[in-house]
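Visitor: Chain by chain, the residues run as shown.
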Amino acid sequence: MDIEAVTEFTPLLSLVGGILIGLSAVMVMALFGRIAGIAGITNGVLGGLVPGGGVGDWPWRFAFIAGLLAAPLGWALVTGGFPAQTVPSDLPAMLLAGLLVGVGTGLGSGCTSGHGVCGLARLSPRSFAAVLTFMAAAFVTVLVLRHVI
Amino acid sequence: MRTFFGFLSGLVFGLGLIVSGMANPAKVLNFLDVFGTWDPSLAFVMGGASLTAFLGYRLAWRREAPALATAFDLPTSRAIDGALIGGAAIFGIGWGIGGFCPGPALTALPMLAPGTLVFVPAMLVGLTLGTRLKPHFPLAQGVPS
Numbered sequence: 747m748d749i750e751a752v753t754e755f756t757p758l759l760s761l762v763g764g765i766l767i768g769l770s771a772v773m774v775m776a777l778f779g780r781i782a783g784i785a786g787i788t789n790g791v792l793g794g795l796v797p798g799g800g801v802g803d804w805p806w807r808f809a810f811i812a813g814l815l816a817a818p819l820g821w822a823l824v825t826g827g828f829p830a831q832t833v834p835s836d837l838p839a840m841l842l843a844g845l846l847v848g849v850g851t852g853l854g855s856g857c858t859s860g861h862g863v864c865g866l867a868r869l870s871p872r873s874f875a876a877v878l879t880f881m882a883a884a885f886v887t888v889l890v891l892r893h894v895i
Numbered sequence: 021m022r023t024f025f026g027f028l029s030g031l032v033f034g035l036g037l038i039v040s041g042m043a044n045p046a047k048v049l050n051f052l053d054v055f056g057t058w059d060p061s062l063a064f065v066m067g068g069a070s071l072t073a074f075l076g077y078r079l080a081w082r083r084e085a086p087a088l089a090t091a092f093d094l095p096t097s098r099a100i101d102g103a104l105i106g107g108a109a110i111f112g113i114g115w116g117i118g119g120f121c122p123g124p125a126l127t128a129l130p131m132l133a134p135g136t137l138v139f140v141p142a143m144l145v146g147l148t149l150g151t152r153l154k155p156h157f158p159l160a161q162g163v164p165s
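Residue numbers (the working numbering), protein chains in the order written: chain A, 747 to 895; chain B, 21 to 165.
Keep in mind that the hints were calculated from the coordinates and are not lab data. From the three backbone atoms N, C-alpha and C, an ideal C-beta is built for every residue, glycine too. Treat the hints loosely; a few may be bogus.
Unchecked claim - One side of the interface only, derived from the structure: several residues of chain A facing chain B at Cβ under 8 Å: (1) 751; (2) 776; (3) 843; (4) 847; (5) 854; (6) 880.
Claimed, not checked - To give an idea of the chain A side of the interface with chain B (calculated C-beta under 7 Å), a few residues: (7) 785; (8) 823; (9) 863; (10) 872.
Claimed, not checked - Covered stretches of chain B, going by a simulated chain A footprint (3 or more residues, C-beta under 8 Å): (11) 44-57; (12) 60-67; (13) 74-80; (14) 95-103; (15) 113-119; (16) 148-154.
All chains, please: the whole structure from these sequences, using the hints.
Guide: Spelled out as structure tokens, the structure:
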């Protein structure tokens with residue numbers, strides 16, 4: 747892969763950010779009674795079939811995604827610049843990655859937030875199985891791409 | 021009201037992704053690269069997020085119903101089947117290639133990096149395909165647990 751930029755280990759900031767993500771998940775549960783899975787919420791916005799999801803859930807889901815998109819803009823307004831990021835620049839690889847992430851989370855009914863954060867918090871055996879599987883697949887993929895090929 | 025709080029929840033989620041560094045795919049890929057430029061930060065994000073949700077969910081569930089909806093609506097499927105495991109494996113491969121999962125990809129979208137601009141539309145197409153595929157997945161009627 748084209749980026750192997752060293753990133754700084756940020757235990758405190760990552761913990762604080764994680765707590766914010768957890769708080770958002772709690773807000774969605776306490777307010778709307780739903781799982782804050784980004785794949786699921788996006789799917790709801792796209793009009794995809796979300797079992798049990800009513801049409802009435804569309805406005806808050808749309809607003810949630812708008813809030814996600816507003817986050818870096820709000821960040822830039824307050825701090826004067828976007829957060830640092832290094833996105834892989836191999837565009838065909840990113841196209842493939844996007845497709846796989848979409849198909850996989852659609853087929854597997856959840857992503858890092860739905861199965862990861864929310865599923866683990868619910869102690870769902872299904873989510874534990876999903877998290878172990880996607881973590882293992884991701885570790886092996888990076889191992890192969892960075893150290894084998 | 022629902023729209024306002026929906027927006028606020030998304031904003032908090034997105035800010036959490038930015039503060040934690042997870043909107044940066046390099047940090048995610050480095051977490052996955054144990055034998056290279058390893059950055060364990062993601063473990064702290066997942067730990068902080070799931071522990072907060074674990075405690076907060078139990079407080080939220082003490083009420084009869086959510087504040088802005090008539091009932092809690094939680095996933096009921098308990099089957100650990102081919103669709104779940106196959107889907108998770110496909111997702112993991114894509115995550116390992118791009119360093120993006122759905123939340124960070126959407127949060128990073130306004131920063132307009134070329135890789136993100138290619139990733140997100142492909143992800144949306146894939147998500148629609150994967151969801152449509154699920155009922156037809158050959159191994160979908162696996163062992164209910």
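Visitor: Each of the hints needs a verdict: does it hold here or not?
Guide: Hint-by-hint comparison with the structure:
{"no.": "1", "hint": "751", "in the structure": "holds, 5 Å"}
{"no.": "2", "hint": "776", "in the structure": "holds, 4 Å"}
{"no.": "3", "hint": "843", "in the structure": "holds, 3 Å"}
{"no.": "4", "hint": "847", "in the structure": "holds, 4 Å"}
{"no.": "5", "hint": "854", "in the structure": "holds, 2 Å"}
{"no.": "6", "hint": "880", "in the structure": "holds, 4 Å"}
{"no.": "7", "hint": "785", "in the structure": "holds, 5 Å"}
{"no.": "8", "hint": "823", "in the structure": "violated, 12 Å"}
{"no.": "9", "hint": "863", "in the structure": "holds, 4 Å"}
{"no.": "10", "hint": "872", "in the structure": "holds, 6 Å"}
{"no.": "11", "hint": "44-57", "in the structure": "holds (count 12)"}
{"no.": "12", "hint": "60-67", "in the structure": "holds (count 7)"}
{"no.": "13", "hint": "74-80", "in the structure": "holds (count 5)"}
{"no.": "14", "hint": "95-103", "in the structure": "holds (count 7)"}
{"no.": "15", "hint": "113-119", "in the structure": "holds (count 7)"}
{"no.": "16", "hint": "148-154", "in the structure": "holds (count 7)"}
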